[in-house]
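Engineer: Whole structure, please, built from the sequences with the hints as guidance.
If you want the building blocks of each chain, they are given just below.
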Amino acid sequence: SQTIHQWPATLVQPVGSPLSLECTVEGTSNPNLYWYRQAAGRGLQLLFYSVGIGQISSEVPQNLSASRPQDRQFILSSKKLLLSDSGFYLCAWSVAGRAKTPLHFGNGTRLTVT
Amino acid sequence: DAKTTQPPSMDCAEGRAANLPCNHSTISGNEYVYWYRQIHSQGPQYIIHGLKNNETNEMASLIITEDRKSSTLILPHATLRDTAVYYCIVRASTGANSKLTFGKGITLSVRP
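Note that the protein sequences, when read in sequence, are chains D and P. Numbered per this note's numbering, the first sequence finishes at 114, counting up by one with no gaps. Numbered per this note's numbering, the second sequence finishes at 112, counting up by one with no gaps.
Be a bit skeptical, because a hint or two may be false.
Calculated from the model, a selection of chain D residues having no Cβ within reach of chain P, i.e. all distances over 10 Å [to be verified]: (1) S1; (2) P8; (3) P14; (4) V15; (5) Q45; (6) S65; (7) S67; (8) D71; (9) Q73; (10) K80; (11) D85; (12) S86; (13) K100; (14) T112; (15) V113.
Simulated pairs of lysine to aspartate or glutamate, DMTMM-like, Cα-Cα distance not exceeding 20 Å [said to hold, decoys possible]: (16) P/K104 x D/E59; (17) P/K104 x P/E14; (18) P/K99 x D/E59; (19) P/K3 x D/E59; (20) D/K100 x P/E55.
Just so you know, these hints were derived from the structure itself, not from any lab. Fair warning: this is a prediction, and the values are worked out from it, not measured in the lab. Heads up, the beta-carbon is just placed ideally off N, CA and C, and yes, glycines get one too.
Structural biologist: Listed below in structure tokens is the structure:
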């Protein structure tokens, strides 16, 4: 069966520090991968999605970037964190080429920028 | 993606059916209706999806009106663990990068 892993579960970082969140998927090949963010008391916002290695689409211009160095690995990064980057970051995957299949989410990383 | 409208909150008694409504009056012919839920501090959990026929799985039933402009998610026997935010989403069926757009959802509170 397929599983998705995100780490760390929680993270506290000072303003201006770098960020690297990692997500890996097991049990499937060539998945579509997504990064979402949920700010406190708000809905989920799509940040990035990827349909293949090295292919990244950005939904919202901001202080973050994403990379997909391997088929089942998705990384969210920042060179310098802002206070507004605080939130709950969620990685998700879906079966490639079949848009009606559901997204499956990881358990998220709660990031607090101080 | 088409937008959806959900009431902000509702409650129901434990053991009773919970009927969660959703309006999606601008839904297109190729858009599916998806339901997810999010328990506090966890990632969203997929529940069910459908196009125009009613659907049922081990978690819930999805009833879609004939004109597809609204739908209802039914939890047949709600438990305290069903307390969560439930999201109704419409999503195009075409395109490998078809994305989910989450709104604010409806907060379901199941009371003992």
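Engineer: So, for every hint listed, does it hold in this structure?
Structural biologist: Hint check results:
no., hint, in the structure
1, S1, "14 Å, holds"
2, P8, "14 Å, holds"
3, P14, "23 Å, holds"
4, V15, "24 Å, holds"
5, Q45, "8 Å, violated"
6, S65, "18 Å, holds"
7, S67, "17 Å, holds"
8, D71, "15 Å, holds"
9, Q73, "18 Å, holds"
10, K80, "27 Å, holds"
11, D85, "18 Å, holds"
12, S86, "15 Å, holds"
13, K100, "4 Å, violated"
14, T112, "13 Å, holds"
15, V113, "18 Å, holds"
16, P/K104 x D/E59, "19 Å, holds"
17, P/K104 x P/E14, "24 Å, violated"
18, P/K99 x D/E59, "10 Å, holds"
19, P/K3 x D/E59, "17 Å, holds"
20, D/K100 x P/E55, "14 Å, holds"
The structure fails to meet hints 5, 13 and 17 from the earlier list, while all remaining hints are met.
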